[in-house]
Each structure stands twice: as structure tokens, then as C-alpha cells.
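Keeping their order, the protein sequence lines are chains A and B.
Under my numbering, residue 1179 is the last one in the first sequence; the count climbs by one each step, no gaps.
Under my numbering, residue 296 is the last one in the second sequence; the count climbs by one each step, no gaps.
In case anyone wonders, no lab produced these hints; they're calculated from the structure.
A couple of the hints might just be wrong.
Stated by the list, open to error - Computed spacing ranges between beta-carbons, pair by pair:
no. : chain 1 : residue 1 : chain 2 : residue 2 : range
1   : A       : 1004      : B       : 279       : 56 to 64 Å
2   : A       : 985       : B       : 178       : 16 to 24 Å
3   : B       : 207       : A       : 1132      : 31 to 39 Å
Claimed, not checked - Within a straight-line C-alpha distance of at most 30 Å, the following computed DSS-like cross-link-like pairs (lysine-lysine) qualify:
no. : chain 1 : residue 1 : chain 2 : residue 2
4   : B       : 194       : A       : 1044
5   : A       : 1066      : A       : 1124
6   : A       : 989       : B       : 177
7   : A       : 1045      : A       : 1066
8   : A       : 989       : B       : 118
9   : B       : 194       : A       : 1095
10  : A       : 1068      : A       : 1095
11  : B       : 194       : A       : 936
12  : B       : 194       : A       : 989
13  : B       : 194       : A       : 1124
14  : B       : 200       : B       : 177
15  : A       : 1068      : B       : 200
16  : A       : 1045      : B       : 200
17  : A       : 1066      : B       : 200
18  : A       : 1045      : B       : 194
To be verified - Computed footprint of chain A on chain B, listed as stretches where at least three residues anywhere in the stretch have a Cβ under 8 Å from a Cβ of chain A:
no. : stretch
19  : 184-197
20  : 200-211
Heads up, the beta-carbon is just placed ideally off N, CA and C, and yes, glycines get one too.
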Amino acid sequence: MNAIEVKNLSLHYGSFQALKNVNVQFQEKMITALIGPSGCGKSTLLRCLNRMNDLIEGVKITGVVNFRDINIYAPGTDVVELRRHVGMVFQRPNPFPLSVFDNVAYGLRVHQEMKKIQLSAIVERSLQATGLWDDLKDKLSETATELPLYQQQLLCITRLIAIEPKVILMDEPCSALDPIATAKIEELMLELKKKYTIVIVTHNMQQAARVSDYSGFMLMGELIEFNKTGRIFTNPDDKRTQDYITGRFG
Amino acid sequence: MRIDPKVSQRIMVTVLSLATGLALVILFFIIIFILSKGIPVLNWKFLSTFPSKMGKAGGILPTIAGTFILTLVALVFAVPLGVGAAIYLAEYIREGKTTKIVRFGADCLAGIPSIIFGLFGFILFVVILKMGWSILSGGLTLAFMVLPTIIRTSEEAVKSVPYSWREVSLSLGATKWETIRKVVLPNAVPGILTGIILSVGRSIGETAAIIFTAGSSLRLPTSLFDSVRTMSVHFYILSREGISMKNAYGTAAVLVILILAINLAAYWILHRFTKRNT
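All chains, please: the whole structure from these sequences, using the hints.
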């Protein structure tokens, strides 16, 4: 099943074309990795999926992105509603300068009035889902920005899954973290994919190989090759993919 | 001839430290001068009783009340307007001609001598709108005067909130206004407060604009349409008309102490907020 389907997507920043006619499908409850050298457009593609590129001045997008068979670029799309279902984890951990509890509760409070008991239950459940509960259950009122970096990033993931999106977009979520923390996040991703569709952009090819089911290789705004991760990393069709994954450039 | 860099280094350190020292000495000289002349006059009676014989005797109670009420009225108008404009400038319109014009206008407005505001307030509020010399006329004039400061400092404060927080709030499905209300404004509070405190200082110290618009009545006001006299105006009249230098210094001492207290409070608030946020 497709969670998201991208058809003929092109994106211009002013006169620069950052995405060139991209076609790809992201499978439900699978992890799809987007790899490629810096500036290849992988983060740009990711940010098209919840329309975060709308915030940038001078961006022009053509093509279709279907989420649950509805084009999110059709006029009249409720972007706020879309982002409830297609959430994002950013490169730098970016908790709000609020308490741990208020961070996790942020999205919930935005979306509906809730009794404190109900809110607490969801906060606890979400922290348990990301494995933070045992470490943070006595620190719920501490300021989140004072936590160690990897806990901050896990907290950002917690904050997102508290609102139960359908799709989680991850933009190099481990690039600020050490290998041990990275392993923790990867472990969590494998757990999360039982419930969520995940698309991850990564610089780290080994990471893509370890966690993803599907991989797409991008170069200069084009999606060169898209296939099962095993295939991409062992027997790619395109010579450029081959050259990139064997480290000939990038 | 080239001066030995080590020598020039030492000369400059000396010159710069002297400049800093001199600035401090001037500041302390003024404060000590005012306080030494004013504090002997100060007592509870001076603060809590009405003046008599035009201020030659008695206390300064109505001028304290006038100062506070006028400043308060100015803030009631200027803060919502200024902070609102700042949010609009920083968040809702893209950088371009409009923002440049507004900013340029605000900067020009900030540089206009206060007596011009006074004249403007006199003509508009006192005469045309028939509000008379009153708290309302004076407060509105002061509000216009401090508006540019509030807009510019609030705008900077709003802009200094990291983009990543807005981005993540939007990505969690919050609307722009929810993001501003829950993320941007709380984190911009210290900066906004700074602008407000600067404005309070300016309002308290203002004389010219107030004589023109709020008058100089020595009664305790009972409505917004009453005339009041602020401490600064009182000081001006007492000294200018040679009524009582002793009571003028007493008033000045209260003013100086009040301004110091406001600044200290501001530092304390800022310190607390920034500590929590970083």
C-alpha cells in the first residue's frame, strides 16, 4: 500500500531547479531512505511531503503529491491538518524551552482541549514508546533544553508521536548524535515502523542500509534509482548509484 | 616617526579606561549631587501630603500619582499597539518596501524632539478633540512618543526567537497564530519588556510634552479628563519659577530613586527570564 505517492514533482528556488520531475511511492509502514550527496535535493523532497517548503520565499512547486489519494498541492488543502498526519523530525534536536511534559503535550494541546489526566496518560504512553519514560519520569518538569542531546532528539520524536501522525519524516535525525545514540534512534525506528510510515533522509549510507526497506538515490535534483534497499546496496541498476555507494564520489 | 606598538597599546588602554572612568564619575556625581541635596528633604510626610503655597511647602503626593497614572495610560495605549505592529512586521509580512517604510518611519518618529509631540498632542487632543489638559491627552501623547521604541524593540525581540522553534511548531500542525502565541511571544517577553521599561523611563522623565497636554494641576485626579502634574513638571515649575529649590531637589531625588528602582527591576526580570530560557 502506498502512503504517499509523488508524481512529476518539480521544485524551483527562484531560477534554480532543486527537484526535477521526481516520481516515487512511499510504502505504508515501511522505512524508506533517501540518500545522495549534499545538495542533491533529498531534504527538499522530504520537505515537500508536508509542505514545509511553503515557508521559504520564492519556492515554486509543480506536480502531484498524493497522501491518502488526495493531492496535497491541490488548491484549498488544509496544510495545518496535513501536518498533523505527516510530521517531521529535524536535523538538530529542537525541543521548546519548556518542560519535558509541556514539550510532549504541545501538539496535543494545540489540537484539542484535554483533561489533565488524559493528557498525562498520553504523555506517559508516548514517552514509553520512545523508551524515555524510565529516564525522564522523575524529570517531567525539568526544562527540555537542558537534557543531553540524544534525549532531546528522542523527546522530539516523542513530541511527534504523541499526536499520532501517519507518516514520520526524518531529516538526518542522527547527524548531531554520537554512534551509541544513533543506534538507539535506529532501534526506535524499527519499532516505530510497526505503526508509522517513515521516510528518512540520511548522509550515512550504512544507516540507510541498516534500517530501511526501500532506498532512493538522488543526484542533482533527480531521483536516479529507487528500489528495495538490499538491491540498491548490492546490485544497483544505475552506474551512478554504484559509484556513489562504493564511495567513488559524494 | 612610528610609535612603538607596545607604547601605543599602553596609551590607548589608558585613554579608553579614562573615558570609561570619566563617564562613571559623571553619572555618580549627578546621582550623588541630587541625592545629597534631595534626601534631607525626603520623609514620609513629603511623599504623602499635598503641596501648599504652589509647592513652597507641603509634599508632592499628587505629582507622584500624576506620574504613575500618566505613564500607565501611555502604556495601556502604546503596548498593545506597538507589540501588535511588531508582530505583524516580523511575522506576517515579508521583508520589503512596506517593512522598510514602517521601520524608517518609526526611526524618524523616535528622533523627533518631545516638545514637537507636545505641540501635536496639544493641537490634536486638547484643542481639536476637546479633551482639554487631561490625563487622556497627556497619556495619548506619551503613547505616540514611546510607540517607535516599543515597536522596534519588540520587533527585534520577536525576530530573535529561533526559526527552528517556529518550524517545529508548524510541523506539529499548529497554525501560525498558535505558534506565535505559544512559542514566539513567550520567548520574546524579555526583549519586549526591555522596550516597555525604556518607555516607562522616558515617560517619567518627560516634561515638555506633558505641560502642553496634561497641564499642571496640583489636585489629585478623579477622572481621565482631569489635569495632572507629574514629578518632572513639578520639578521644572518649582525651580524655574524659583518657588522652592529645596522641594525641587526633594522631587528630583524621588525621581532618580524611582528610575534606579525601575532599571534594577528590569535587570532582575531580564536575568530571570533569560536564565530560564537558555
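For the pair we were handed, residue 194 of chain B and residue 1124 of chain A, check the Cα-Cα distance against 30 Å.
-> Holds, at about 29 Å.
Mind checking, does the stretch 200-211 of chain B have 3 or more residues with a CB under 8 Å from chain A?
-> holds (count 3)
Are the Cα positions of residue 1068 of chain A and residue 200 of chain B separated by 30 Å at most?
-> 22 Å, holds
For the pair supplied as a hint, residue 1045 of chain A and residue 200 of chain B, confirm whether the alpha-carbon distance does not exceed 30 Å.
-> Holds - the C-alpha atoms of residue 200 of chain B and residue 1045 of chain A are around 18 Å apart, at most 30 Å.
Residue 1045 of chain A paired with residue 1066 of chain A [C-alpha distance capped at 30 Å] = 16 Å, holds
Restraint check for residue 1068 of chain A with residue 1095 of chain A, where alpha carbons must lie at most 30 Å apart | 29 Å, holds
Do the Cβ positions of residue 1004 of chain A and residue 279 of chain B conform to the proposed distance bound of 56 to 64 Å?
-> 57 Å, holds
Is it true that the CA of residue 194 of chain B sits at most 30 Å from the CA of residue 1095 of chain A?
-> At roughly 22 Å apart (the allowed maximum being 30 Å), residue 1095 of chain A and residue 194 of chain B satisfy the hint.
Pair hint outcome, residue 1045 of chain A versus residue 194 of chain B [Cα-Cα no greater than 30 Å] = 25 Å, holds
Given the hinted pair residue 1066 of chain A and residue 200 of chain B, is their alpha-carbon gap at most 30 Å?
-> Judged against 30 Å, a Cα distance of about 24 Å means the pair holds.
For the stretch 184-197 of chain B, does the count of residues with a C-beta closer than 8 Å to a C-beta of chain A reach 3?
-> Our answer is that it holds, as 10 residues pass the Cβ test (under 8 Å) against chain A, meeting three.
When you check the alpha-carbon spacing of residue 200 of chain B and residue 177 of chain B, does it fall within 30 Å?
-> 15 Å, holds
Checked against the numbered hints above, the structure breaks none of them.
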